[in-house]
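The lines below spell out each chain.
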Amino acid sequence: MRNKKLEARQRFDVRMLLFYASVPVLLGLLLFHIMQMQWFEHDKYALQANQNRLNIVPVLPVRGEIIDAHGKGLAINRIAYRIVLIPERVEHLNATLNILAEMLVWTPAKFALIHKRIQRARRPDRPVLLDDKLQWLNVAPLAARLHHLPGVDVEAGSYRQYPYAELTSHLIGYLSLARKKDMDAGYLPTEFIGRTGVEKSFELKLHGQPGHQQEEVDARGRRVAVVKRAPPVMGDQIQLALDIDIQKAAADALGERTGAVVVMDVRTGDIIAMLSKPGYDTNRFITGLESEQWNAWLNNPERPLLNRATQAAYPPASTFKLVTALGALKNGIRLANGSAFCPGYLELADRKLHCWKHRGHGKVTLNSALIQSCDVYFYQLGDQLGMAAISDTAHELGLGEKTQIDLSPEARGIIPTHQPYMMAAFKSSHTKRKKWYRGETMITAIGQGLLTVTPLQMARLAAAIANGGKVLKPQLLAGSQAEVLHQVDIKPEQLQKIQQAMRGVVLNPHGTAHRVLSKAAWAVAGKTGTAQVVKIRRNEKKELSKDELLRRHRDHAWFMGYAPYDKPKIAIAVFVEHGGHGGSSAGPVAAAIIETMAAKQQVNISKGETP
Amino acid sequence: MLKSLDWILLASLFGLAALGMIVLYAAVHQGDSELWQKQAMFWAIGMLVFSMLCFVPLRILGLACWPMYGAALLLLMLVPLVGDIHMGARRWLDLGVANIQPSEIMKWALIFVLASWFSSREARGKVEIMVPLLLAVIPAGLIIIQPDLGTTLVLLFAATGMVIAAGLPWRLLMISIVTGIASLPVLWHFMHDYQKQRVLTLLDPQSDPLGAGYHVIQSTIAIGSGGLAGKGFLQGTQGRLHFLPEQHTDFIFSILAEEGGFLAVVLLLSLYAVLILRVLLIGHRAHNRFASLLCIGIALIFILYITVNIGMVSGLFPVVGLPLPFISYGGSALVTMLAALGLVMRVALESKEKIPWQRPGSPLA
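Read top to bottom, the protein sequences are chains A and B. Going by our numbering, the first residue of the first sequence is number 1, and it counts up by one from there. Going by our numbering, the first residue of the second sequence is number 1, and it counts up by one from there.
Be careful, since some hints might not be right.
[What the hints assert, rightly or not] Computed cross-link-like contacts, EDC-like style, restricted to lysine to aspartate or glutamate with a CA-CA straight-line distance of at most 16 Å:
#1 LYS470/A with GLU483/A
#2 LYS116/A with ASP131/A
#3 LYS228/A with GLU216/A
#4 LYS4/A with GLU122/B
#5 LYS5/A with GLU122/B
#6 LYS330/A with GLU493/A
[Claimed, not checked] Chain B residues, not near chain A, derived (Cβ > 12 Å throughout):
#7 LEU2
#8 PHE14
#9 SER51
#10 MET68
#11 ILE85
#12 LEU133
#13 ILE138
#14 LYS196
#15 GLY226
#16 LEU281
#17 LEU349
I should point out that these hints are in silico values taken from the structure, not numbers from a laboratory. Quick reminder that beta carbons are idealized off the backbone N, C-alpha and C, glycines included.
The shape of chain A in the complex, shown without the other chains:
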């Protein structure tokens, strides 16, 4: 008994040692494990902790605004708030949405749309846009309750607005979100990038540089504090030479018609107005353009997306007679006796080329031929001058060349030459094989045939005639230095003859623009054009079958000119698609522009400013 008791006691003492030992062993193992984590692997875990808590968030720059010559905003930034939701951080989606719907007064349709958008979100860790363009008044109550709504955030930002969207759609252009290509170039997916017009041309200047901030976030991803901040560099403001009042006057005068207007400063090349109709609402691009709308614009036969001032080239019609006349003066070519007799047509071999005035103009000189736009005179003058000289003169005056305006793409237009290899420019084998006929030189001389020019080129041509032969680079930015791309090789007195003739177009009772422009506030000099079909008897049958096709090209109306005559200030080119007669259709638009310019100047003089 005693032995057994002693034995048990001894055994217990030994077992006790085991328990004593197990305490330091177990705790020691734990301690070793913790030491390994906190000492040897500390850097790894410290990095992970920072990755947990620190988020580098880009801060987008505010895009530079675009204003007109008088400081009116053409592309401006509006402060707005948007509400985003990160699906994976939301605890009770339906409850959250109900609260939001009540606070933001969503309609049931909008609620359904937002619900659908959340369900369609492919990545639950990426924010889904719930509502946009909200004012602080609307979001303030929500912002105060954000901590009750995990996963919901209110973001402040700015969005682009175009107050004169339809008026300036082609010139200013639009923005859209960065695409794959842009992101490869370093843009962030949330950045807007200029796609057309000035927004595209001056993208680098307007855009600015994004900054970033290092934010401390909690486990729900909510920002707790901003640790570090590298502020973004704001984009530069751009002031255009454009005067939105003139642009508006031109648009009003053009009304619902399709066409283009360019107003240019004859001394500097500043673009005072550049309008293309129809326009489109560039504001639609900012909230994400629906593809239906885009396709509607794309397939509209009136082609609203086309900038008719720079991207479209049209037959210049009679306005081209100025080029033929200049070429003749330059090259010392004149008709015998300096005049021609117009019976209303010109017989050439087996063909009969008609004058637009079938009764004929009788005896016409260069001056009266320009004033009355006599075709027969210019058939003869062109025939004598020759196609090469006409083509050279046109190029010298900047036709068939890019104007180098900071808008792309830009159409070059077509100045044909008699050289057959040049015809290769027309991809058709039909034209390539064709021999150049004498009659083709003649119809080119009156601005018909293959010739095409852009309204911007015509405005620049008018400016060159007004300013003594300086072909200028069109300038979009206010305060730009005049840039003379070419000085036309012509004597001042020769140029004066053209100027006088253009003045006659308005002043002379027989002038094609007399009726609409003779009473304008400024003395106008100009030339009208009506793109009509030159009937060629030999091809009559063929043409008749094409009659419908040709009708579409029959009625384009042109006016180009400058004012005031004595002290030229602005050059104007007006083009109206299917507008009818140049003088009566395009002329009034020029008149409206000049009235507005004159009225504005009057106001400035009365204000005591120098005109």
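Keeping the supplied structure of chain A fixed, place chain B upon it in accordance with the hints.
Chain B only, in chain A's frame:
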């Protein structure tokens, strides 16, 4: 009586109380800061129970332990029938006045009956071993079907420890260890999917970083990033920014390790070592086997809780949901543990004041 108190035990307990309240403040100061006041109240209640138990003769506990075990077993059997389900497990019993976890009571009751069983015999005969085996396996089976893997393991490990203390032959111990390992697949079979998931996630937490592995990953980041000196009181980013889950209960160790660093960990483990070694020493010095085995059982539960909890938050063990003694927030666990320490203190008192307990003539007295 004051002279007979074990002051080292008390000192380590107060040290843990102070450290626990500091860490708890760091864990809850941002959100439910009233939990801190509640825990202070639990300490007060617990210390009251502790003091009262210092006056209860062990003899009474010796008489009460069998009925207590029987009651606990009965309650445990009621759980599958009428228990409440919390978070996928049926563990709670609504007694009208309070919700109780019978498995918590059983943990202590088993220790008491094993201490009582072995108070007069050694674990060296068939009956001597088979009875405690049944006493442990029946409740363990009832608890694992709840399911509560953590408590089951604590129960089984504590029972094993008790049997070893009671003189289990080494040969049998080896056999039972081998059998235990061999029965792991059976255990795996009985485990619920979420428990299997926890084990699998433990083996590779990165496999599910936002799901089951999230807790472990975040707590290891907190511990590791604490470094040697810690990030400073209330400066821990993992805790402050709510990356740490359940940071005031099971994962509170991560807060301590993050803000206090390795130094705080050393301090905590030292306090634990002093406390547990002191409990073992009191047990060793006790004049009767019941008191000795009681202290060993209590020490075993403490060391198991500590090891499993710290092991789980630092990524060594699966997440089984055991609190860190005296540090984690939670009233019932704290009060129970203080009560257990009260019993230990009573053992210390009785052995110093030589209070007789055993009936004379008992073979191992």
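Results of checking the hints against the structure:
no., hint, result
1, LYS470/A with GLU483/A, "holds, 9 Å"
2, LYS116/A with ASP131/A, "holds, 13 Å"
3, LYS228/A with GLU216/A, "holds, 9 Å"
4, LYS4/A with GLU122/B, "holds, 10 Å"
5, LYS5/A with GLU122/B, "holds, 10 Å"
6, LYS330/A with GLU493/A, "holds, 11 Å"
7, LEU2, "holds, 28 Å"
8, PHE14, "holds, 20 Å"
9, SER51, "holds, 26 Å"
10, MET68, "holds, 24 Å"
11, ILE85, "holds, 22 Å"
12, LEU133, "holds, 18 Å"
13, ILE138, "holds, 25 Å"
14, LYS196, "holds, 24 Å"
15, GLY226, "violated, 6 Å"
16, LEU281, "violated, 8 Å"
17, LEU349, "holds, 20 Å"
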